[in-house]
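S.K.: Here's the letter readout for the chains.
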Amino acid sequence: MIEPILNLQRFLDAGGPVLWVILLVAVVLWTLIIERYWHHWRVFPRELSAVRARRSRLPPQERRIARMLLRKDVSELRQGLTRSLTAIRTLIAACPLLGLLGTVTGMIHVFDVIGFSGTGNPRAMAAGVSMATIPTMAGLVVALSGFVFSIRLQRGGEAHAREAEDVLKRDMLEGERKAGVRSQESGVRSQESGVRSKKHLTAVISTVEQ
Amino acid sequence: MTRFSGTFAAILAALTFLGSFACPPVIAQSSTVGLDAFLEQVRQRAKNEERINQERENEFRADLDAARARIQEARSAMRAEQDRQERLLTAYDANEATLTELEATLREEQGGLGEMFGVVRQSAGDFHAQFLGSLAMVDKPEALEFLGQLSDSRALPSMAELERMWILVLEEMVGSGRVDRFVGEVVLPDGSKLAKDVLRIGAFNSVADGRYLSHVQGRNQFLELPRQPQGGHLRLARELEQASPGETRFFALDPSRGAILAHLVQSPTLIERIKQGREIGLIILGLGLFGLILFVVRFAILIVMDRRIQRQLRSETALPDNPLGRILQVSGTNHSVDPETLEIRLDEAVLKEIPRLERGLRTIKILAAVAPLLGLLGTVVGMIETFQAITLFGTGDPQLMAGGISQALVTTALGLSVAIPLLFLHSLAAAKSRGLVNILEEQGAGLLAEHIQKARGG
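Those protein sequences? They're chains R and Z, same order as listed. When you read off a place in the first sequence, starting at 1, and then add 21, the result is the number in this note's numbering. When you read off a place in the second sequence, starting at 1, and then add 6, the result is the number in this note's numbering.
If you're looking for bench data, these hints aren't it; they were derived computationally from the structure. There is no bait here: all hints are sound.
Take a look, some chain Z residues computed to stay more than 12 angstroms from chain R by CB distance:
| no. | residue |
| --- | --- |
| 1 | G197 |
| 2 | L288 |
| 3 | T323 |
Here are some chain R residues pointing at chain Z (derived, C-beta under 8 angstroms):
| no. | residue |
| --- | --- |
| 4 | I86 |
| 5 | K93 |
| 6 | Q100 |
| 7 | T107 |
| 8 | T111 |
| 9 | L118 |
| 10 | L119 |
| 11 | L121 |
| 12 | V125 |
| 13 | F132 |
| 14 | D133 |
| 15 | G136 |
Note that the Cβ used here is the ideal one computed from N, Cα and C, for glycine as well.
With the hints as extra help, turn the sequences into a complete structure.
M.R.: As C-alpha cells, this is what we get:
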C-alpha cells in the first residue's frame with residue numbers, strides 16, 4: 022500500500038514543480054469529464070422529463086410563440102449539456118504547453134548545473150534532465166487521454182440536445198393534435214426542418230471554429 | 007739648401023778631429039801627482055769593499071744556520087702533529103664505531119615508537135586541517151593552535167600532548183552531534199560586523215536571527231548569506247532558535263556543510279532570470295501584462311452585464327441598461343408588425359449586441375498564441391548568439407555561450423508561462439460571453455414570447 026504512494030512521490034519529486042501543475046490540471050480535467058458523464062447519464066434525463074412535464078401543463082398557445090418557447094427550452098438544455106466543454110478543451114490544450122514549460126525549466130536547471138560543475142558530472146545533470154522529460158511525457162499523456170473523452174462528450178452532448186429537441190417537438194405536435202389544430206401540420210413540419218438544418222449548421226460552424 | 011748644410015757639418019767634424027790630436031800632451035804633463043792619489047784611493051776602496059763583503063758573507067752564513075735550525079724545528083713539530091693526528095684518527099674511528107653501535111641500540115630499543123610519533127604528527131596535521139572548517143571547533147581557537155603546533159613540531163610529543171589531542175578529537179566528535187549556541191562575529195552582507203548569538207546545528211549549518219550563515223575557516227567569524235533559502239526554511243530556523251533545550255524541531259539542514267547553500271548564492275533569482283531574457287523577454291512580459299489587464303477589464307464588464315441581464319430576467323419591464331432589455335424594447339416598439347418582420351428586427355438587434363459582448367476576447371486569444379511564438383523567436387536569437395560565440399571562440403569556454411543559451415531558454419519559458427494563463431483566462435471570459443450571447447440569441451426569442459404572452463394576458 023505504501024510502496025505505490027512512495028513511487029508516486031518519487032515520480033513527482035523527479036518531475037519538479039511543473040509536474041505538480043500538470044497533476045492539478047489532470048485532476049481538474051478528470052473531475053470535469055466525470056461530472057459531464059454524470060450529467061449526461063443522470064442529470065440530463067431528469068431535466069428533460071422536468072421540462073416535458075412543465076410544457077405539458079402549459080395552456081395551448083399561438084404556434085409562433087410555442088416555437089419560440091421550445092427554442093428557449095432546448096437552448097437551456099443544450100447549455101447544460103455543453104457547459105464545461107470549453108474548459109475541458111482549454112485544459113487539454115494547456116497540457117502539452119505545460120509539458121513544454123517543464124522541459125524548458127528542466128533545461129535551465131541542467132545549464133545551471135553545467136555552470137556550477139561543468140559537463141563532467143552527468144549525475145548532477147540527471148535531475149534536470151528528468152525534470153525536463155517527465156513533465157513532457159505527463160503533459161502528453163494527460164492531453165491525449167482527455168482528448169478522446171472530450172470529443173466523445175461533445176458529440177454525445179450534441180446528440181442529446183438533438184434528441185431532446187425531437188422529443189419536445191413530438192410532444193408539441195401531439196398537444197396540437199389533441200387541441201385539434203390539424204390543418205397546418207405540414208407547414209409546421211417544413212418550417213421546423215428548416216430550423217433544424219440551420220441549427221445543425223451553426224453547431225458545425227462552432228466546432229470548426231474551436 | 008740641404009746640400010749646403012750637409013757640407014757644413016762635414017767640415018765641422020773634420021776640425022774637431024784635428025783638435026783632439028793637438029790637445030793630449032798638454033794635459034799629461036800637468037797631473038802626474040793626482041794619479042797616485044787616485045790609485046791609493048782605489049786601493050783603499052777595494053779593501054773596504056772586501057771587508058764589507060766578508061761581513062756580509064758572515065751574516066749570510068749565520069742566517070743560513072738559523073734557517074736550518076728552524077727547518078729542523080718545524081720538522082720535529084710536524085712529526086709531533088702527525089703523531090697527534092694519528093692518535094685522534096684512531097680515537098675518531100673508535101668513537102664512530104661506538105656511535106653506530108649506540109644508534110643501533112637506540113633504534114632497537116625505540117622499536118615501533120618512532121613510527122608512532124610520525125603518525126601522531128600526521129594525524130595532528132590532518133585534524134588541524136579538518137577542524138579549521140568544523141563548526142564544532144569554532145569557539146576553541148586554542149585547540150586549533152595546539153594541533154597546528156603539534157603537527158609542525160620536530161620534537162617528540164609528550165604523553166600529556168598525546169592525551170590532549172586524543173581528547174580534542176573526541177570533543178569534536180561529540181560537539182558535531184550537538185546543537186549549540188555561542189557568541190560569534192557575524193559579517194552582514196553590507197559589510198558591517200556584529201557579535202551575535204550563533205546557533206550551530208552539529209557540524210553542518212549555523213544560523214543567527216533566523217538567517218543562514220556560512221563559516222569563515224579557522225576563525226570564530228561567520229558571513230550572513232546574501233541570498234537566503236525559501237521563507238519556509240527561514241521560519242524553521244527561527245523556530246529552532248526559539249526552541250527550549252530537549253525539544254524536537256524540524257529544520258532544513260544542508261548536509262554538505264554549506265556547499266549547497268554556497269550554490270544557492272550563485273543561482274540567479276527570478277528577477278535575474280527574467281533579465282536573462284533581455285528585450286524579447288520584456289516584450290513577452292509586456293504582452294502578458296496587456297492581456298491580463300484586457301482580461302480584467304472585459305471580465306468586469308461581462309460580470310456587470312450578467313448582473314443586469316439576470317435582473318432583466320426577473321423584471322417585468324424592459325430596462326435600457328442591458329442588451330436583453332434593449333432587445334425586448336425592440337419588440338415593444340414593433341408591437342403591431344407581423345411576426346416575420348419582428349423576427350428580422352429581433353435578429354438585427356441581437357447581432358448588434360453580440361460584438362459588444364465579445365470585444366477583446368479575440369485579442370486575448372491572439373496574445374496567448376503570440377507569446378509562445380515570441381518565446382521561439384527569443385530561442386532562435388539566443389542560439390544565433392551562441393553559435394556566433396562558438397564561431398569566434400570555439401566550444402572551450404562555456405561561459406561565453408551561457409548568455410545566449412540562457413536567453414534561449416528563458417524566453418521560451420516566459421512565452422509559455424504567459425501563454426498558459428492567458429489561455430485559461432480567455433477560456434473563462436469566452437465561456438462567460440458565450441453564455442450571455444446564448445441568452446440573447448436563443449433565449450431572447452423565448453423570453454420575448456413570454457413577454458408578449460404576459461402583455462396579452464395582462
